[in-house]
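Q: Sequence lines, in order, name chains P and B.
Using my numbering, the final residue of the first sequence is 745, and nothing's skipped along the way.
Using my numbering, the final residue of the second sequence is 173, and nothing's skipped along the way.
Worth flagging that the hints you see were computed from the coordinates, not collected in a lab.
Check before you lean on any hint, since a few could be wrong.
With a straight-line cut-off of 20 Å between C-alpha atoms, the simulated PhoX-like cross-links for lysine-lysine are [to be verified]:
#, chain 1, residue 1, chain 2, residue 2
1, B, 98, P, 554
2, P, 581, B, 171
3, P, 584, P, 554
4, B, 111, P, 589
5, P, 584, P, 573
6, B, 111, P, 584
7, P, 554, B, 111
The lines below spell out each chain.
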Amino acid sequence: MATKTDTSISRRSFLKWSGAATAAAVAGGQAPVLHSLAYTGEKSTGSEPEYHFSACGMCLNKCGLVARVENGIVTKLDPNPKFLKSRGMLCARGNAGTSQLYDPDRLKYPLLRKGERGEGRWQRLSWDQALDLAAEKLTKIGEEYTRCGVLFTPGSDMQSQFVHWFAEVFGSYNVTTHESNCLLSRNRAYLDTFGEVPFADVLHSKYIIMAGANRFESIITPDSIDLMTAMKKGCKLVVLDPRFTKTAALAHEWFPIRPGTDMSFFLAITHVIIHEKLYDEKYAQEKLYGLDKLTEHVKKYSPEWAAKVCDIPAKDIRRIAQELAAAAPAAMIYPGRRTSDYVNSTQIRRAMAIANALLGNWDKPGGLLAARMVGTTGPELPEAPFYDDNPDDRLDHGSAHIMFDEEGSFKHTRDAIIAGKPYPVKGWFTYKINPLQSVANRRKTLEMIDKLDFMLTVDIAMSDTAWMADLVLPAPSYLERQDPAAGLQGSSACACVVTRDPVVPALFESKPVFWILRELAGRMGLEEYFSFTMEEYREQQLRKLPDSERALREDGVYYNPSKLYGIYEGKIYKTKSQKIELYNERYAEMGLDPMPVCKPLRENVPSDRFRMVVGRNAYFTHCTTQNNTLLNELMPENTLWIHPNPAKKLGIRDGGTVILSSKSGEGELKAELKKGIREDTVYMASGFGVLSEGLTNVFGKGACMAEILEDFTDELSGNMAMHETIVKVARKGAS
Amino acid sequence: MIRKMMVVLLGLALTFTFTFSGIAGEKGNKRKGKYTFRTTCRECHKPDASAKEMGPDSKTQAQWETVFNKEKGKYKELKCYKEGHWKDKKKNEALTEKDLLNIFTYLHAHAFDSPSPAKCK
Chain P
11 MATKTDTSIS
21 RRSFLKWSGA
31 ATAAAVAGGQ
41 APVLHSLAYT
51 GEKSTGSEPE
61 YHFSACGMCL
71 NKCGLVARVE
81 NGIVTKLDPN
91 PKFLKSRGML
101 CARGNAGTSQ
111 LYDPDRLKYP
121 LLRKGERGEG
131 RWQRLSWDQA
141 LDLAAEKLTK
151 IGEEYTRCGV
161 LFTPGSDMQS
171 QFVHWFAEVF
181 GSYNVTTHES
191 NCLLSRNRAY
201 LDTFGEVPFA
211 DVLHSKYIIM
221 AGANRFESII
231 TPDSIDLMTA
241 MKKGCKLVVL
251 DPRFTKTAAL
261 AHEWFPIRPG
271 TDMSFFLAIT
281 HVIIHEKLYD
291 EKYAQEKLYG
301 LDKLTEHVKK
311 YSPEWAAKVC
321 DIPAKDIRRI
331 AQELAAAAPA
341 AMIYPGRRTS
351 DYVNSTQIRR
361 AMAIANALLG
371 NWDKPGGLLA
381 ARMVGTTGPE
391 LPEAPFYDDN
401 PDDRLDHGSA
411 HIMFDEEGSF
421 KHTRDAIIAG
431 KPYPVKGWFT
441 YKINPLQSVA
451 NRRKTLEMID
461 KLDFMLTVDI
471 AMSDTAWMAD
481 LVLPAPSYLE
491 RQDPAAGLQG
501 SSACACVVTR
511 DPVVPALFES
521 KPVFWILREL
531 AGRMGLEEYF
541 SFTMEEYREQ
551 QLRKLPDSER
561 ALREDGVYYN
571 PSKLYGIYEG
581 KIYKTKSQKI
591 ELYNERYAEM
601 GLDPMPVCKP
611 LRENVPSDRF
621 RMVVGRNAYF
631 THCTTQNNTL
641 LNELMPENTL
651 WIHPNPAKKL
661 GIRDGGTVIL
671 SSKSGEGELK
681 AELKKGIRED
691 TVYMASGFGV
701 LSEGLTNVFG
711 KGACMAEILE
721 DFTDELSGNM
731 AMHETIVKVA
741 RKGAS
Chain B
53 MIRKMMVVLL
63 GLALTFTFTF
73 SGIAGEKGNK
83 RKGKYTFRTT
93 CRECHKPDAS
103 AKEMGPDSKT
113 QAQWETVFNK
123 EKGKYKELKC
133 YKEGHWKDKK
143 KNEALTEKDL
153 LNIFTYLHAH
163 AFDSPSPAKC
173 K
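Produce the complete structure using the sequences and hints provided.
A: Given below as structure tokens:
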């Protein structure tokens, strides 16, 4: 397949394909910009279409795709049939990638804030002006407050590694990413049980319990597709979720579990497996640490006890435990991803990990798999400098019991910036991430921003985070960039490598963050650390995979046929005991519960209130694609899921407007009466109720999740706890 | 004179012993330790270099404690230590006790069985 990259858009063809090129005001700004870039559907009379391999950038999965380009315009995105990780699939979001590329709301040139934050008054700058200003401001903060005085927050993007590298050579340890709002609790729990975070071999599993994960809507490849295939082959799916999600709808059994009580269910599962001796005793003897202590520990956690806690009948808990164990080792409690829900989320996930350990499913078909060899290599970069005047550690160091050094906690970092302790942070660099929408307690994030001297955002569109920045720099979409290689773990589907070259040239004045960082480095005396080109970087990444260049050129993906099962044969586990830790010695030494202890919820839901839960659907990636024209048609605004019974008591009708409030804030949105949600629980999708007038499809629509959620955190990992907020719901206009 | 020198040397040795014997229980600066490890050790211990690839997750915390424990003195038995490679290359001076404490803190914090295992990258 041709992978020509020298396509260009002539003004004439651009206008033809764009329909009407209209002058309009940039988001809250003053400069005229092109307003419409939509494909008209007019048949091309030009040359034959070209087809280019790429990797989707609409979410984190990086699914292989083939872009059709006609007259310099990307007209269609199709799945790459050779891309095994997604089983040759490209989802709705993937198909909507053209709408990101040709989004009239895209940022087009550097913008400097002129009015108050959030006022939306901007001045257009040249790139030289913008970069000179950014370099001057970052240097000044570094000199005045040490290099750790700048916080870096890159999103999940193939170029984010360069933001990490820039932070390191600039000298700041203060880097937070998406992860402390997402999966750190799961990672903590599995690292502290197995010594590694697993990949689920869904395809070969015979029995799966999915607690809180919504894999048919919140798509993870290959798991979402493999789950359907596995079920067709006879795999049983049991879903625990307070909401009747699409995953619940397709499951064999759905239990609307009382939110926050999953630990009780899994301790009871463990109780049954142990006391009915449903585990492999030889395996347990060889691989597990602390079974005696666990046996004693779970005696009290019978199904009858758990039923009163989690609202799932005891006979069902016992039966599910027996069925699960009978299917073992090709059975699992699905580890999930976003586990930022409760203050004890790590311990909840430990309870799941321990039950998995008793199934003996580690490193086995249909169970939990270790990371496979992909084979990409870290490029040899110059040694980053060390700044002797820097503080010893991160700003949020020690704010939770066992934090990840390179991730920290956004919540604790934010609190520390607001407090100015243990040291001041006065600069913030964000790249393709939107904490104003995604991080609980928006008011606190705004308070944090008020403490800053300088905030710089690099993004494709005017997100809420960009809207609050001092300097906004336009980035190209993933279809317009050259990116480094990315090694991907695809469970039993594959271990593979993808990369990207520009399918079309970058529109407007947008520049990749790699280029921006190189330019900044050059202005700040750090040029020696960014003296490589993307080609050189990629060459180094692939230097141990000699066949990869051909495979990427011909197939758009390289596969490493590395070992899949039995990776741990003859090896020790990366835990303190060097076994799978049912009992965690390190926790005991630290005064933490070495085995999960079921405790009362932090706050019970009063009869006139609700617990708010959040979750994904198949249309949106976190808080980033709601404004995409194609996807927005599927859900133009968010609604509040509420059960008809409490709604009736409150005088709320379907489609009526409600006021949702918490100790953090409030919002106004339409009610959607659903029998598929518990009476004590409400739910809303993320990404609406935006501040930014630069998001024209969603501005003024729905309510903001981050405004309502209170910012509790998981005590062990510092991960955000997004299901701890108790809310009040009232009909608009009710007294 | 000779006796005086011996006293001084003995004093220095005792100081070193006192400071360094406690290294496994002391807290250094792991970020400085990472920098010192990379600038001192990585040249030989990176992938495809002259010595075995080495990073924090090459050993368990207990193994790093043994390597950097004065009584067991494992680090002194290492060939590269004996050959004088453990030095600040910019200053061309041997690593100080503080440098070693920092390196130990870095390696220990990210050891194979630590809460945050990491390679040296």
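Q: Does each hint fit the structure? Answer for all of them.
A: These are the hints, each one checked on the structure:
{"no.": "1", "hint": "B:98 to P:554", "verdict": "holds (15 Å)"}
{"no.": "2", "hint": "P:581 to B:171", "verdict": "holds (18 Å)"}
{"no.": "3", "hint": "P:584 to P:554", "verdict": "violated (26 Å)"}
{"no.": "4", "hint": "B:111 to P:589", "verdict": "holds (16 Å)"}
{"no.": "5", "hint": "P:584 to P:573", "verdict": "holds (19 Å)"}
{"no.": "6", "hint": "B:111 to P:584", "verdict": "holds (10 Å)"}
{"no.": "7", "hint": "P:554 to B:111", "verdict": "violated (25 Å)"}
This entry does not satisfy hints 3, 7, going by the numbered hints stated previously.
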